[in-house]
Amino acid sequence: MRVQLRGSRAVVLFTIYLVVMTFVLLMIYDNSLGSAYGQTSLATAQSRLQTFYYSTLASLAIVITLVAPSMGAFAIVSEKQRRSLDLVFSAPTEPKYYLVGKLISSYRFVWLLLVLSLPFCAVSVTLGGTTWTQLLITFILYSMYGLVCVSFGLLMSTLCNKVLPAIIWTYAALGCFLLVTGWLVAASSFGPSGSFSQVNPVFSLNPVCYSFVADQKWPVFGYEIPSWILSILMHLIVVKFVVLSAGSMIAPGNSKEIFGLRVHSLVYSSAIFLLVSMSMGPFLVSAMGSSLATTFGSLSGAQGLQVLHGRTLFTMLFVLGIIVVPYLAGFGFNDLRRHRPDGLFNVRETFTGRPSGHLPFLSLLFGLSTLAYCIGSKFPFGPTPLLGLSSSAMTTIVMEFSPFSPYFLMYVLLIFSIWLAAFFSGWYASSKKPILSRGRTISLFFFVLGIILPTAVFLILAGDESRTATGVWSLNPIAGVLCDIHAAKMTGIHSVIVLCIAVLLITITIPQFNKQVSRNS
Amino acid sequence: MLEVKNLHKTFGGFTAVQNISFTLKPGDIFGFIGSNGAGKTTTIRMISTLLEPTSGTATLNGVDILENPMQIRRMIGYMPDFFGLYDDVKVWEYLDFFASIYGVQKRDKVIDEVLELTDLSVKKHSFVQSLSRGMQQRLCLARCLVHDPKLLLLDEPASGLDPRARAELKELIAELGRMGKIVIVSSHILPELSDFCNCVGIIERGELLAFGDVASVVRSIRPTKLVRVQCISDLQKLESMITKTKNVQKCEAVGTGEFLVELTGDESDQAQFLKSMVDDGHQIINFSEDQANLEDVFLKLTTGAVN
Numbered sequence: 001m002r003v004q005l006r007g008s009r010a011v012v013l014f015t016i017y018l019v020v021m022t023f024v025l026l027m028i029y030d031n032s033l034g035s036a037y038g039q040t041s042l043a044t045a046q047s048r049l050q051t052f053y054y055s056t057l058a059s060l061a062i063v064i065t066l067v068a069p070s071m072g073a074f075a076i077v078s079e080k081q082r083r084s085l086d087l088v089f090s091a092p093t094e095p096k097y098y099l100v101g102k103l104i105s106s107y108r109f110v111w112l113l114l115v116l117s118l119p120f121c122a123v124s125v126t127l128g129g130t131t132w133t134q135l136l137i138t139f140i141l142y143s144m145y146g147l148v149c150v151s152f153g154l155l156m157s158t159l160c161n162k163v164l165p166a167i168i169w170t171y172a173a174l175g176c177f178l179l180v181t182g183w184l185v186a187a188s189s190f191g192p193s194g195s196f197s198q199v200n201p202v203f204s205l206n207p208v209c210y211s212f213v214a215d216q217k218w219p220v221f222g223y224e225i226p227s228w229i230l231s232i233l234m235h236l237i238v239v240k241f242v243v244l245s246a247g248s249m250i251a252p253g254n255s256k257e258i259f260g261l262r263v264h265s266l267v268y269s270s271a272i273f274l275l276v277s278m279s280m281g282p283f284l285v286s287a288m289g290s291s292l293a294t295t296f297g298s299l300s301g302a303q304g305l306q307v308l309h310g311r312t313l314f315t316m317l318f319v320l321g322i323i324v325v326p327y328l329a330g331f332g333f334n335d336l337r338r339h340r341p342d343g344l345f346n347v348r349e350t351f352t353g354r355p356s357g358h359l360p361f362l363s364l365l366f367g368l369s370t371l372a373y374c375i376g377s378k379f380p381f382g383p384t385p386l387l388g389l390s391s392s393a394m395t396t397i398v399m400e401f402s403p404f405s406p407y408f409l410m411y412v413l414l415i416f417s418i419w420l421a422a423f424f425s426g427w428y429a430s431s432k433k434p435i436l437s438r439g440r441t442i443s444l445f446f447f448v449l450g451i452i453l454p455t456a457v458f459l460i461l462a463g464d465e466s467r468t469a470t471g472v473w474s475l476n477p478i479a480g481v482l483c484d485i486h487a488a489k490m491t492g493i494h495s496v497i498v499l500c501i502a503v504l505l506i507t508i509t510i511p512q513f514n515k516q517v518s519r520n521s
Numbered sequence: 001m002l003e004v005k006n007l008h009k010t011f012g013g014f015t016a017v018q019n020i021s022f023t024l025k026p027g028d029i030f031g032f033i034g035s036n037g038a039g040k041t042t043t044i045r046m047i048s049t050l051l052e053p054t055s056g057t058a059t060l061n062g063v064d065i066l067e068n069p070m071q072i073r074r075m076i077g078y079m080p081d082f083f084g085l086y087d088d089v090k091v092w093e094y095l096d097f098f099a100s101i102y103g104v105q106k107r108d109k110v111i112d113e114v115l116e117l118t119d120l121s122v123k124k125h126s127f128v129q130s131l132s133r134g135m136q137q138r139l140c141l142a143r144c145l146v147h148d149p150k151l152l153l154l155d156e157p158a159s160g161l162d163p164r165a166r167a168e169l170k171e172l173i174a175e176l177g178r179m180g181k182i183v184i185v186s187s188h189i190l191p192e193l194s195d196f197c198n199c200v201g202i203i204e205r206g207e208l209l210a211f212g213d214v215a216s217v218v219r220s221i222r223p224t225k226l227v228r229v230q231c232i233s234d235l236q237k238l239e240s241m242i243t244k245t246k247n248v249q250k251c252e253a254v255g256t257g258e259f260l261v262e263l264t265g266d267e268s269d270q271a272q273f274l275k276s277m278v279d280d281g282h283q284i285i286n287f288s289e290d291q292a293n294l295e296d297v298f299l300k301l302t303t304g305a306v307n
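From first to last, the protein sequence lines stand for chains A and B. In terms of my numbering, the first sequence opens at residue 1 and continues consecutively. In terms of my numbering, the second sequence opens at residue 1 and continues consecutively.
Worth flagging that the hints you see were computed from the coordinates, not collected in a lab. Cβ atoms here follow ideal geometry from the backbone N, Cα and C, with glycine treated the same way. Check each hint, because a few of them may be wrong.
[Unchecked claim] List of simulated lysine to aspartate or glutamate pairs, EDC-like, C-alpha gap at most 16 Å: (1) LYS80(A) with ASP87(B); (2) LYS256(A) with GLU67(B); (3) LYS170(B) with ASP195(B); (4) LYS150(B) with GLU175(B); (5) LYS123(B) with ASP88(B); (6) LYS90(B) with GLU67(B); (7) LYS25(B) with GLU207(B); (8) LYS256(A) with GLU52(B); (9) LYS109(B) with GLU93(B); (10) LYS123(B) with GLU93(B); (11) LYS80(A) with ASP81(B); (12) LYS123(B) with GLU113(B).
[As the list claims (entries may be wrong)] Computed, partial: chain A to chain B, Cβ under 8 Å: (13) ARG6; (14) GLY7; (15) ARG82.
Work the whole structure out from these sequences, hints included.
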C-alpha cells in the first residue's frame, strides 16, 4: 500500500475522481431536487432524494466498472512485461496465494473509491433518501462487485502478454458477465404473473439489483435469511472460480490449481444445473398453464414439457460449451509440458490438465451437468417456497416429465454432438500443426461460424412470421431451441447431421493425432 | 550435493536439452558454457523448478525437483539474465518483499547482512531504478541470498557489466563458493569463468559435450603437450634431432629459429626432452608449453550450431 500510494500520482488521481464525482452528483441533485425546491411536499421530496441516492449508486457502479477491471488486468501482465514473474515463482510461492495477493492489492483501490464516495452517499442518509445500514450493505455489495471485476482482470491478465489486450478482453468478459447476470436477475425476479416480485439472491450478481437486495430477505428452507448474505456468498464463489481459472493458467502442469479448478467446475456446474432445474417450476407452469394445455401446436402437453426442459438444458450446455470446449480443444507448443499430445482419452489424466485428460474431463462435465439437471427436474419447487403455484400443477409437471423421453433426449444428443464436433475440430487443427492457440481458435470458430452465425442468418432470412419447421428456418442448426414447436421435431435431424460431422472429424483426426503422439513419444 | 540425472526437455518436436547429467558438491562453482540457444537457460530453469523436464530429474541434498518443488525453491537462489526489478521500490523494500516470501525471520538483520555482503549498504534507502547496472545486478544477487540458499543459479550474471563491476561480481561469486554454496554460473566470457570456476560444462544443441574440472576438460581435448622451442644454433640439426626423439609426435617450424613440438608423456618426459637438446649442444633460448584454455576447448568442441 505504501508503495502503491507513493508519490503525487495517487493523490492527483483521487482528487480528480472527487472533483468529477462532485460535479456529476451536483448535476443529478439539481436535476432531481433543485427545480422543485420549496414547491413540493415532504413525501415527494423524499422520493426524489431516493432517486438521487440511486443515481449516486449508479455513478459509483460506473466508476467501479471502469476502474476495477483495469486494476486487475494490469496486475500480472505488468509483471510479465517486467519479467519479474519468474523471480516470484522461483521462490516458494503457490500460484493461488500469489493471485490472492494480487487480488487484495487491486481490491484495495475499490475500497478507496468507495470510502472516498462515502460523503456523497451520506448526503442521502442525512436528508432521508436511505439509512446507514442500507448504505453500508450496499457498499459491501459494491465492493463485492469490485472484487469480481478485479478477478476478471486477473484472469485476462494471466492470458495476455500485453496490457492493452488484457484490458480490452477484461472489459469484454465483464460485459458478457453483466449481460448474463442482468438477464438472470430479470428472469428470476419476475414470477408467473409477469410482475416484479423479489430479486433472487442466488442470481444477484449484477449491480442493478444491489439496492433491492440490501433490504430484502429470502426464505431458505423455512428460515428468513438477509438476501445480501446470500448475494455475498455467490460473489465469493464466482471470485473463487475465476481466481482458480487464473491460477491454472500460470501454474505448471499437474498442479493443485488445475486439479482444484476442474473439481470446482464439476461441482459448481452440477450445482447450477440442479438449481436451475429445481427453479423451473414457475416458468413451466407459466408457459404451459396449470392444466398443461396444448399451447405447443401438434405436441401434447407432456411433449411440450419435454421440449421446454430440452431447450433449457441445451441453452445451458451451449453456454458452458462455448466457455469450456474451445479452451480444451487443442494441444501443441507451449512452455509447459501439459500441452504435449500424450493420447486421446486417458481417465487417469482427467484432473491433471494434460491433453489426454481433456476428453474425459469434458465427458464428465457434460454427464454430471445433465444428470444434475435431470435430478433437479424431479424437484421443481426449488429451495424456496412456491411462488403461488398450485400443488396440482407442480405434481403434474413432475409426473409428466421423464429424462428418458424422446424429445428431451433429442436435445441432449444435439448439444452432445455440438460439443464433440467443436472439440474434434480444434483437435484436428492441432493435429495438423501442434500449435495450442490454433486448436482453440478453430474450436471457437466452430461455435461461432457453425452455430451462432447461421442462426443469425436464418433469423434474418425467415423473419418473425415464418419460423416453422417447413421454411428456410428449419435449416438453422438450433431451430428446435429458438422457434415454433413444430421445428422441435427438426432437432432429431439436426442432431444426426451434427453427429455425422463429429464422427467425420474424429475419423480424420485420429490418424493425424497418432502421428503427433508418436513424434513426441 | 546437486545431482542432475538425465535431464531432458522437448518443446513439441524441438529438443532443447538432451539427457544432461552431472554432480556438484558444496563449494563447487560450476561454469556452464554454451552458445546462445544451446540449452543453458532451459537447464537452469528446470533445476530451479520453473520448467518441468520432459524426462529425467535432479536432486538437491536428496530432495527431488519434481516431487518436492516447494522445498527445492527454499534451497535455491535463482538469478535470471534480466533484473526484473519493481519501480518505485526502495532497495530494502525490494529485499524485504522477497525475504517475506521466503518466510525469513529477523528480516531487518538479514537484509543488512546481504547488503553488506554485496556492498550495497549505502544504497539501502535508494530507489532501485536509481542504481547503476552493476549495482542492480548485485541487488539481484542480494535477493537470491536473503534466505541463505544452498544452490545459486546465476544465468549470465556478468552480461552488460563494465570491467570493474565484473571483477567485483567475480570476487563475490568466489566468496560464495568459499561459503560452501554450490554456484552454477552460465556465461559467455570464458577467461573469467576459468578464473573462479573449479569445474565447467560445455553444452551445445542441448548436449553436454564436456564436464569436469577446468584442467581435465582442457586435457581432454589435447592429450599431447604442445611445446614451443626456440634455438639460435643449427636449426636443421635441431629439427633432425627433435624428430628422432622418442616422445615427439610432430615437429613444425613456426618462425625464425622456432619449432612447435607435439610431445607425448608426462612432465618428466618433457624435462628429459629439454635436457637431451641441451646435452646435444643446442643453444635453447626459449622452451615453453603452449597452454590450452577454455576458449580453445570451447572452439574445438563446438561447431557454433544451435537447435
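For each hint, the structure was consulted:
{"no.": "1", "hint": "LYS80(A) with ASP87(B)", "in the structure": "14 Å, holds"}
{"no.": "2", "hint": "LYS256(A) with GLU67(B)", "in the structure": "13 Å, holds"}
{"no.": "3", "hint": "LYS170(B) with ASP195(B)", "in the structure": "9 Å, holds"}
{"no.": "4", "hint": "LYS150(B) with GLU175(B)", "in the structure": "14 Å, holds"}
{"no.": "5", "hint": "LYS123(B) with ASP88(B)", "in the structure": "14 Å, holds"}
{"no.": "6", "hint": "LYS90(B) with GLU67(B)", "in the structure": "36 Å, violated"}
{"no.": "7", "hint": "LYS25(B) with GLU207(B)", "in the structure": "22 Å, violated"}
{"no.": "8", "hint": "LYS256(A) with GLU52(B)", "in the structure": "15 Å, holds"}
{"no.": "9", "hint": "LYS109(B) with GLU93(B)", "in the structure": "13 Å, holds"}
{"no.": "10", "hint": "LYS123(B) with GLU93(B)", "in the structure": "12 Å, holds"}
{"no.": "11", "hint": "LYS80(A) with ASP81(B)", "in the structure": "15 Å, holds"}
{"no.": "12", "hint": "LYS123(B) with GLU113(B)", "in the structure": "13 Å, holds"}
{"no.": "13", "hint": "ARG6", "in the structure": "5 Å, holds"}
{"no.": "14", "hint": "GLY7", "in the structure": "7 Å, holds"}
{"no.": "15", "hint": "ARG82", "in the structure": "6 Å, holds"}
Violation of the numbered hints given earlier is confined to hints 6 and 7; the remaining hints are satisfied by the structure.
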